[in-house]
Every structure is written in structure tokens, then in C-alpha cells.
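J.: Protein chains in written order, with our numbering: chain G, 1 to 336; chain P, 1 to 79.
Hints listed in this document are in silico derivations from the structure and should not be mistaken for laboratory results. Where a beta carbon is used, it is the ideal one built from N, C-alpha and C, also for glycine. It cannot be assumed that every hint is accurate.
Unchecked claim - Partial chain G-side listing against chain P, Cβ under 8 Å, derived: (1) Asn227; (2) Trp238; (3) Asp256.
Said to hold, decoys possible - A short, non-exhaustive set of chain P residues, derived as facing chain G with CB atoms under 8 Å: (4) Arg29; (5) Asp47; (6) Gln48; (7) Glu49; (8) Gly51; (9) Val52; (10) Ile54; (11) Asp55; (12) Asp56; (13) Lys74.
What the hints assert, rightly or not - The list that follows gives simulated cross-link-like pairs (lysine-lysine, BS3-like), each with its CA atoms no further than 25 Å apart: (14) P:Lys63 - G:Lys237; (15) P:Lys74 - G:Lys241; (16) G:Lys276 - P:Lys5; (17) G:Lys278 - P:Lys63; (18) G:Lys205 - G:Lys237; (19) P:Lys75 - P:Lys5; (20) P:Lys5 - P:Lys74.
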Amino acid sequence: MKGSEVYIRAISYYLPEEIVTNEDVGRLFPEWTAAKVAAKVGILQRHHSAEGETSSDMAYNAAEKLFTEHCIDRSEIDFIILCTQSPDYFLPTSACILQNRLGLNKETGAFDLNLGCSGFVYGLAVAKGLIFAGVAQNVLLLTAETYSKYLHPQDKGNLTLFGDAAAATLISSEGKGRIDEFSLGTDGSGYDKLIVRNGASRNRKPENVTTRDEEGNLIAPDNLFMNGAGIFSFTMKWVPKLVEDLLIKNKLVKEDIDLFVFHQANKYMLENLVKKIKVDPEKFFYYLEDVGNTVSSTIPIALYEANKAGKIRNGSKVILAGFGVGLSWAGVVLQF
Amino acid sequence: MEENKFLRNFIEVFDEVPTEAITMNTVLRAIEGWSSLVGLSIIAMADQEYGVEIDDVDLRGIKTVGELFDLIQKKTNVK
């Protein structure tokens, strides 16, 4: 162990080729007022993985991009974590496949982390722990999700929101963004508010049935289901508390924070959080117009873009907050 | 809690003001322009205007505008 501080060293991300615009969604659902919904959720287009292109394929591309873009010597990496809810197989662990495919040393630790919107921050917490404990020196955290493949063809709501993407983040004992104190939380009683019910161990067989809720939203247990109101009220209740707890744990006040980078769920939800938490809107970063809600990759993508836009400078204090499926939430303060 | 103010707040949750007259007896899901997104706006309105938390289970149990008014009032009084 070199020191007691752990940093984000570099981030890159990958978007699959196919782009689905709001016009495309409007053509599929002529009754859908695409423009109005776009204005509310703040998403103009999203990317979809190709048929046969999995999360681990996208994670591979993101990692290769990281090595090239930031001149990183892959032999330095001694731990790889893949955060995904769409692994290649029930077993083996996709991170093991990636160790080989990326040509990483055999002395590399590897495992998958099954979390969604809170997954990136959880990955940072685990990586910090590994480095702090001297288990690893350079942790490659990959976040990758192909929710598009879980969508029912008639589910216009979730089609509008979600996009596929992967991000690669290198965490080391040196770098630019020091990873400070975390706040994590879980409410498993809300496990069914965002769920794919069928296909795994609890319900192995597909049912091929659909129903509609009282709002007319499609419910297909073989596919992704989201109780929008449930997720929204959960977020409004817990994310302000998460921010408050983070400030206490990091001995900071809200005014000390230079930038808020939250999970980019949708613009409507984020705007309501800004109001409720009373964040200076100038300090709140949005990046979802071109990519949509990419689940565990929204925060690294937004961090990358915020840095590119000059929003992060030396000395900047940045709050990250992820929240959603689980229900699960996680935040951390980064010091640049 | 004042009824007229509440009705004004309620009407504002719609992107387009409903053409029909909204009364306490109006059935929420029968209002033209109702969608699950409007449901989210009601949760946000209750929070921002009245400081009360409404969740998806509450919302599902509400049929009319008046029932929403009663629920918010009840939650305000409990605080």
C-alpha cells in the first residue's frame, strides 16, 4: 500500500452504434407525444446495443478505450470489477471472461457486482477498500448495461428513458479525484419497483403474458418493469437524506460543493431533486440528452463530460449520488 | 388547507390545463391528459406545496380529486 488516499485516475466510455431518436420512438408509437415526453424527461436520443452485443462486449470496448485514451499500461491492473445486471451467463462471472479478453495478468482479481443505478458509487467504495487494505493497487471498474434487451417491444415509457452504454474507470493510489467518505443505503422492501421477474432462479420460465396497470402501463413479467411513481417517491424521500449524510460524513456544508453529479435518471426527477435539496442549479450537472439513462454508467459518463466541459478544476469538490433499482442508493464526495 | 388554492395547484400538475371543470368529485384517471407522468407531478406538488410525502401506494388508492385533498390534509395534520 502506497498511502492512505485513493483516487479516480481516468475514465472513458463506450456507446453502441445504433441510435434511437425520439422521432424513431414516435414512428413506433404514433399516439405517443414524443416531443412532450422528451421535454419532460430531457432525452433526445439513446443508443442500443446490437443483437448479440452484450454488456461484457461493451465493457471490453470501454476498457480498450481507457487504455488508449489515457495511455494506460494494462499490466498495471491487478483487479477488475464489472458492475452489470446483464451478465453473459448465469455462470461464469463475466469479469473473469473480461480478464482474459483484455489480456490482463493472471494475478488479477475479478468479480461481478450486481447493482444498477447505485452501482458505480458502490464500485468506487469496493475499489477504495481493496486499495486501502493493500489487496490491490490499480482497480479497473467497468459499468455496463443493456437494459434495451430487457424491454418489451410495446413498452414506450422505458424505451424513452433507457439507453445502453459502458464506462471504464481506473482507481489507483494516485490520480486526480480523491475518493473521500461514502454514504450507502438499501431498502429491499421496494425490490419489485424496478424488476425483471422472469428468467433467473425464482421464476426460470418465461410466461409470455402482459397486463396493464390502472394507468394503462404495460406489465410484462418477462421484461423490465418500473413502477415510476414508486421510484420517484423513493428518490424524493431518500436522495436529500443521502446528500445530508454525505455532507456530515465529509465535514462539509452544501456551499462547499462545486458540482453535483447525480445518476442521470431523467431530467424531470433531477429538476425536482434540485428544488428539494435546494442546490444552485448552476452547480448541477446534466448529461442525458444524447445518451438517456444508462443505469450504472450515467455517473462516470457525466463525470467525463463535466471534466471535458471545464466544470471540474483543481480543488473542486464533487458530490456523486446514485439511486434506484434494489432499492439501493450510494453517494461519495470527490476532491479534485 | 384551502380548497381553491389546492385546486389551482392540482390543475398546474397538468402540462395542458384540462378543458373540463375540475371539482372535488372529478375522477383523477378520467381527466383528459392523465398519464403516469401526471402521477409523478402530484407527488412532487404534494411535497413542494404542502411538504408531505405521497408514495405510489397512496396514489393507487386515490380515485377522486377530493380524496387527494383529504389525504394531503390528513398528512399535513399528522406532521
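J.: Hint by hint, say whether it matches the structure.
T.: Going down the list of hints, with the structure as the test:
1. Asn227: holds (6 Å)
2. Trp238: violated (11 Å)
3. Asp256: violated (26 Å)
4. Arg29: Where the cut-off is 8 Å and the nearest Cβ of chain G is about 6 Å from Arg29 (chain P), the hint holds.
5. Asp47: holds (6 Å)
6. Gln48: Where the cut-off is 8 Å and the nearest Cβ of chain G is about 7 Å from Gln48 (chain P), the hint holds.
7. Glu49: violated (12 Å)
8. Gly51: violated (10 Å)
9. Val52: violated (11 Å)
10. Ile54: Ile54 (chain P) check passes; min Cβ-Cβ to chain G is 7 Å, inside 8 Å.
11. Asp55: Interface hint status for Asp55 (chain P): holds (4 Å vs cutoff 8 Å).
12. Asp56: holds (4 Å)
13. Lys74: violated (17 Å)
14. P:Lys63 - G:Lys237: Distance of about 24 Å is within 25 Å: holds.
15. P:Lys74 - G:Lys241: holds (24 Å)
16. G:Lys276 - P:Lys5: Since the Cα atoms of Lys276 (chain G) and Lys5 (chain P) sit roughly 21 Å apart, the hinted pair holds (cutoff 25 Å).
17. G:Lys278 - P:Lys63: Violated, because 32 Å separates the two Cα atoms, which is more than 25 Å.
18. G:Lys205 - G:Lys237: violated (35 Å)
19. P:Lys75 - P:Lys5: Distance of about 17 Å is within 25 Å: holds.
20. P:Lys5 - P:Lys74: holds (17 Å)
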